[in-house]
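Turn these sequences into a full structure, and let the hints steer you where they fit.
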Amino acid sequence: MDAVKVSSPTVGARPSAVRRVLTADAWVGYLFILPLVVLVLALVGYPLVSAVYVSLTEKYVGYPARFVGLKNYADLSRDPVFHKVVWNSALFTVASVAVKLVIGLVLALSLHRALAARRLVRGILLLPWVVPTVITALTWHWMFDALHGFINVSLESVGLIAEPIAWLGQPAPAMMAVITVNIWRGFPFFGVSLLAGLQAIPRDLYEAAAVDGASPAQRFRHVTLPGLRPVILVTTLISTIFTLNDFNIVYVMTRGGPGIATHVLATYTYETGFQALRWGKAVAVSMYLMPLVALLIVILARHLTRED
Amino acid sequence: MRRPVLAWAVIGALLVVVLTPFYWMVNTSLKTSAQVQSLEPYYYPRPLTLRNYVELLTATRFPVWIRNSATVALGATLVTVVVSCLAGYSLTRIRYPGRRLLATTVLIVYLVPPTLLFIPLYTILNGLGLSNTLWALLVAYPTFTVPFCTWLLMGFFRSIPPDLEDAAMVDGANRIQAFRRVILPLAAPGVLAAGLFAFTLAWNEFLYALVFVHDTELKTVPVGLNDLMFGDIFLWGQLMAASVLTTVPVVVLYTYLQRYMVEGLTAGAVKG
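Residue numbers (my numbering), protein chains in the order written: chain A, 1 to 308; chain B, 309 to 580.
Bear in mind the hints are in silico, worked out from the structure with no lab data behind them.
Idealized CB from N, CA, C, for every residue including glycine.
It is possible that some hints are incorrect.
Covered by chain B, according to a simulated footprint, are these stretches of chain A (three or more residues, beta-carbon under 8 Å) [claimed, not checked]: (1) 43-56; (2) 85-98; (3) 136-147; (4) 234-248; (5) 277-289.
What follows is the structure, encoded as structure tokens:
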């Protein structure tokens with residue numbers, strides 16, 4: 001605010017209409033933001049717009065595109081494989097995010113209570129979130145290995161299973177495995193975000209509730225949960241967007257298999273585009289996500305840019 | 309409840325869940341291939357061997373992939389820090405029409421998933437003659453590192469009192485001098501954090517690296533390892549050795565970054 005006043009003398013010297021609105025300072029502002037604007041327009045804005053066009057064409061790699069209107073979308077909407085992929089994505093996302101939220105909440109409440117543990121333990125618990133996802137998926141792939149993996153070997157050695165289970169070779173266990181890994185990777189983010197939220201709830205609210213005779217359960221329901229609401233909302237939205245678009249875990253662990261049992265929209269887009277080499281159809285697959293992702297982003301942006 | 313026994317039990321259980329894969333990773337990396345393939349559980353390597361590490365570093369392309377990853381991550385970090393510092397400062401300290409819209413755009417761009425972008429981006433990079441070069445990644449990575457770091461730096465710049473640069477400008481410094489001499493030095497820890505985040509994000513990236521680069525000699529670590537995995541089923545010892553070596557730098561950086569981690573994206577929500 002003050003800065004504008006400070007630099008205004010230079011502006012006063014040239015009283016054109018534009019100059020009066022845009023101070024010299026504002027021009028510096030535009031100059032500083034310019035690299036980012038160029039980057040966003042060229043490498044995000046333009047690709048997104050051209051993606052819309054590509055999805056309306058029959059585009060095989062190496063051949064010129066042929067405009068086909070909404071054919072790709074129409075074909076996909078009748079394609080049982082695509083239906084299965086959409087269902088897989090929904091299951092993968094909803095199951096992962098729901099479990100991450102629950103474990104994250106339990107973790108946050110525990111860390112909030114066990115004061116002494118907080119600093120050290122929080123650091124260790126965040127590890128899954130910082131390790132490259134490909135490494136995570138690779139390690140779990142090995143742990144789920146049917147013959148020599150940690151999980152089967154351990155379960156067998158304590159007598160819980162008699163025969164090794166082909167975790168990644170059967171549809172339901174494979175889906176369970178990729179969801180497990182996504183949960184493992186993501187729950188620390190929930191835990192730490194929600195912990196920050198818990199710490200921001202004023203103590204006197206709890207004291208007032210205790211004075212009014214509220215039980216611990218009532219305090220949780222009427223003080224903790226409402227206080228956490230904004231953090232829960234934001235964390236869940238961020239996680240949903242990223243989980244919905246997760247490529248690495250599924251690709252590295254199962255390649256979408258067995259068959260198409262674990263194919264999600266991201267891996268199916270990749271396969272359609274870079275194995276089947278049908279770009280128009282591939283982009284249409286990812287475009288089906290656009291409205292949902294856009295909606296989530298708008299809600300999230302509203303919450304995060306709200307002025308205090 | 310004075311003694312939070314239940315809380316400690318929960319924390320203990322989750323610690324085990326978190327640490328088990330790391331334990332298995334390190335354990336496998338130190339085993340002989342006979343132990344890796346044994347049907348008997350080897351919960352610790354006996355005898356312990358460094359052969360996997362030696363072979364990984366001498367007989368595979370891993371050192372080249374590390375060099376590629378480091379090159380791309382450093383380059384992307386450099387670009388990101390410059391662009392994000394300028395943008396973050398502009399969006400928090402200077403008033404001009406469209407500023408709020410631009411700030412929201414930064415957030416939106418951060419959230420646009422690579423799944424939507426990678427095919428059209430590939431077309432563009434191909435058109436520029438950059439596909440199958442490390443330049444492709446250097447151009448593509450700022451699309452996610454810049455919005456993230458700008459958002460992070462906006463928080464830092466906001467926390468520096470405006471009086472300092474106002475005073476400098478009253479003393480005759482112009483805006484750019486005030487930014488360089490007053491604000492940047494004060495924001496140095498934040499700039500360092502942003503740079504390290506950019507490095508980590510680029511170091512961990514997989515999808516673009518998988519799609520934009522085909523040459524084995526040009527691959528980054530995540531993509532190279534993925535090839536190694538499906539090449540031969542019995543390479544788990546080497547793969548886990550590679551996983552250890554790839555994870556260590558990130559974990560080291562992260563011990564410094566820990567305190568900034570949550571603030572980045574959730575601060576707004578906690579405050580609101």
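Exercise. Residue count check for the stretch 43-56 of chain A against chain B: does it reach three with CB-CB under 8 Å?
Worked result: Result for this restraint: holds, n = 8.
Exercise. Three or more residues of the stretch 277-289 of chain A near chain B by CB distance under 8 Å?
Worked result: Since 6 is at least three, the answer is holds.
Problem set entry | Residues of the stretch 136-147 of chain A with Cβ under 8 Å from chain B, three needed, outcome | Coverage by chain B holds here, the residue count being 9 at a Cβ distance below 8 Å.
Exercise. Against chain B, does the stretch 85-98 of chain A show at least 3 residues with beta-carbon separation below 8 Å?
Worked result: violated (count 0)
Exercise. Are there at least three residues in the stretch 234-248 of chain A whose beta carbon sits under 8 Å from a beta carbon of chain B?
Worked result: holds (count 9)
This entry does not satisfy hint 2, going by the numbered hints stated previously; all others are met.
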